[in-house]
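*Asks:* One-letter residues, chain by chain:
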Amino acid sequence: MCIGRLSIATLLLLIAMPASAEDASIARGEYLINAGGCVDCHTEDSDDAIPLTGGRAVESPFGTFYSPNITPDVETGIGAWSDDDFVSAFWEGEDPNGDHYYPAFPYTSYTGVSREDLLAMQAYLFSLDPIDKTTPEHELAWYISTRLAAGAWKMKNFDSERFVPDPDQPEQWNRGAYLVRHLGHCGECHTPRSSLGALQYDQELAGNVSGSDGEKIPNITPDRKDGIGKWSASDIEYFLQIGMLPDGDFVGSDMSAVIDHNTSKLTKEDRLAIAAYLKATPPLSSPD
Amino acid sequence: MRHTIISTTLTLVISASLSAPIAAEPTAEDAYEYRESIMTALKGPAGAISRQARGLAGDSDYVANHAKAIANLGTELHTIFVEGSNVEGSEAMPAIWDEPEKFAEALANAEEAMAALGQVADGGDMEAIGNAFMNVGEACKGCHDSFREDSEH
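Sequence order for the protein chains is A and B. Residue numbering for the first sequence follows our numbering, beginning at 9 and increasing consecutively. Residue numbering for the second sequence follows our numbering, beginning at 422 and increasing consecutively.
Pulled out of the complex, with its shape left as it was, chain A reads as follows (with noise of 0.2 Å):
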């Protein structure tokens, strides 16, 4: 009779085991979809817009791109996706069938993402309704009009690669180089690209004067003239969170939306380890 009752005890903890852990996943999945700053990129632009559901419009020098679906429709979104091929998307830039990604997908950021976090926000994007909704084609200009070219720029440019912590630094400053440099992809728009699009490594952070939609982009190294070496680590914290600069000014622009979707919604270590991080980069001059 006792072991009977154990049994059935052991048994109902199996079955709510696997259950919950699920969920423990979806919800880190979902706080991770927003530190990677899905959201802003796959909603399109509209007030009743659907989350997720892709077809923003994306300005570039080299035309326009859509964004695609992600929720878990099977014929438009990601629905019939297998974890590796998840986790290839990031890892390599390719999409199931191989074919190669534009960077306006930063995988060139997301490459460095840990498998685990990937599968998590699988997890997350795969909780959701799926929602039919076929996306615009990108309007490219004829040069990179085919998925070859961006085979041949990533050749050149892209080297599919995983974050390594560093021994020798703290804690939180891994954690945010983990957040600005791959996740968060802060350097997608604030580091400088070459004329063909490729991130100028040597000037990380340090600002784009032509970035998407025509905005110009601050510098956002500890340099004291172009950059923000006077904000200290709370500034850039409360600003992460609220929007405000340190001189009382509210941001708007693009990133007013990436503090909406993605550094208001996270921990405040999360954004203190992003400040610690940023304010531990060289200073650097904005490029011309």
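These aren't lab readings, by the way, just hints derived from the structure by calculation. Accuracy of the hints is not assured; some may be wrong.
With a straight-line cut-off of 25 Å between C-alpha atoms, the simulated BS3-like cross-links for lysine-lysine are [claimed, not checked]:
#1 A:K238 with A:K276
#2 A:K238 with A:K224
#3 A:K276 with A:K287
#4 A:K233 with B:K464
#5 B:K464 with A:K224
#6 B:K464 with B:K523
#7 A:K233 with A:K287
#8 A:K224 with A:K287
#9 B:K464 with A:K238
Here the structure of chain A is known, so what remains is to put chain B in place on it, guided by the hints.
*Replies:* Frame of chain A; chain B shown alone:
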């Protein structure tokens, strides 16, 4: 006689030159500068409250005054977006006048949030002030996002 004529003329010229600018209608440039003045004035107490909310302003108990300053300036917001005042150098987007209903809603959000900040000011409850200030920030950011051309940030 001649002296009288000169002095009368001078008096007329001087009084005309003094009264003329006062009587003139404000130009688009004036409207822009006035908007800039109000917006600049808002930044001071906003920056100060954020520092007090973060415990970075020493022992100052001035926070209620900062909160009231924002609430007072907030009552002026509806007057500073004069049509045509998006002169060269202005960051005001045409959408302010092209989408008046949407803009009025965004402006009302800001005015309400600022008034609410003023209402909690006297209590001296730093947490309540901090939360009310967060709502103000949210309204400022929302409006800037849709209606201000940000060139630098």
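*Asks:* It remains to establish, for every hint, whether it holds in the given structure.
*Replies:* Verification of the supplied hints:
no. : hint               : result
1   : A:K238 with A:K276 : holds (21 Å)
2   : A:K238 with A:K224 : holds (20 Å)
3   : A:K276 with A:K287 : holds (16 Å)
4   : A:K233 with B:K464 : holds (21 Å)
5   : B:K464 with A:K224 : holds (22 Å)
6   : B:K464 with B:K523 : holds (24 Å)
7   : A:K233 with A:K287 : holds (14 Å)
8   : A:K224 with A:K287 : holds (21 Å)
9   : B:K464 with A:K238 : holds (17 Å)
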